[in-house]
Amino acid sequence: NAGVTQTPKFQVLKTGQSMTLQCAQDMNHNSMYWYRQDPGMGLRLIYYSASEGTTDKGEVPNGYNVSRLNKREFSLRLESAAPSQTSVYFCASTLGHQSSYNEQFFGPGTRLTVL
Amino acid sequence: GDSVTQMEGPVTLSEEAFLTINCTYTATGYPSLFWYVQYPGEGLQLLLKATKADDKGSNKGFEATYRKETTSFHLEKGSVQVSDSAVYFCALRGVANDYKLSFGAGTTVTVRA
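Same order as they appear, the protein sequences are chains A and B.
Per the working numbering, the very first residue in the first sequence carries number 389; after that it's consecutive.
Per the working numbering, the very first residue in the second sequence carries number 44; after that it's consecutive.
Hints were generated in silico from the structure; no laboratory data involved.
Treat the hints loosely; a few may be bogus.
[Stated by the list, open to error] To list a few chain A residues with every Cβ distance to chain B over 10 Å, as calculated: (1) N389; (2) S406; (3) S419.
[Claimed, not checked] Examples of chain B residues toward chain A, derived with CB under 8 Å: (4) Y82; (5) L89; (6) L90; (7) A93; (8) K95.
[What the hints assert, rightly or not] Sample of chain B residues with no beta-carbon within 12 Å of chain A, all distances over it, derived: (9) E51; (10) S75; (11) K111.
C-beta atoms are modelled at their ideal positions from N, C-alpha and C, and glycine is treated no differently.
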């Protein structure tokens, strides 16, 4: 099993450009999450999908959109990138079932720089 | 809302020293508590967990005890190695069925040989 995979690993954008970060998991998990990691601020939740067909805003959703394409895939889109979106982005997933303790598994991250 | 406050770093130690990283939380009900570790250039990995009061989580020589009375979940290791150099995150999962995590700011630990 590959676990949680993310593409691309690195990306440089100019202000105003758009891009989509891809995330996929092969663990048959129900719930998926997008976080951003900034120095001194830990990980902050951008959007999440508690189950296929649903998405909800997290702590810092402004400037982002998401799509839960199917059970495996959860993409994050920046419509008009801004320098404040320079960050490391992590995707995570968890089984999302009351019978499980629901450990979150993380992808390797995408390092995004917006000039 | 739920929140986690974590000891600020960075922390620099010599090999075989004792490590403590403090973590306190604010939450309603009985959350689950976690420590995640991030090695350089990698994603986060679960280090240990505790799902109810007085539980002790342990892994790779690290331990943390869920203290409801002090709302704390401090991470300890008795003898660190250079390979323990990483960023450590305390995290909380509340009682809602969305399984979201709230993270502390992270503590960077560097162990010198």
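Numbered hints the structure breaks, given as an ascending list = The structure breaks hints 3, 4, 6, 7, 8, 9, 10; every other hint is satisfied.
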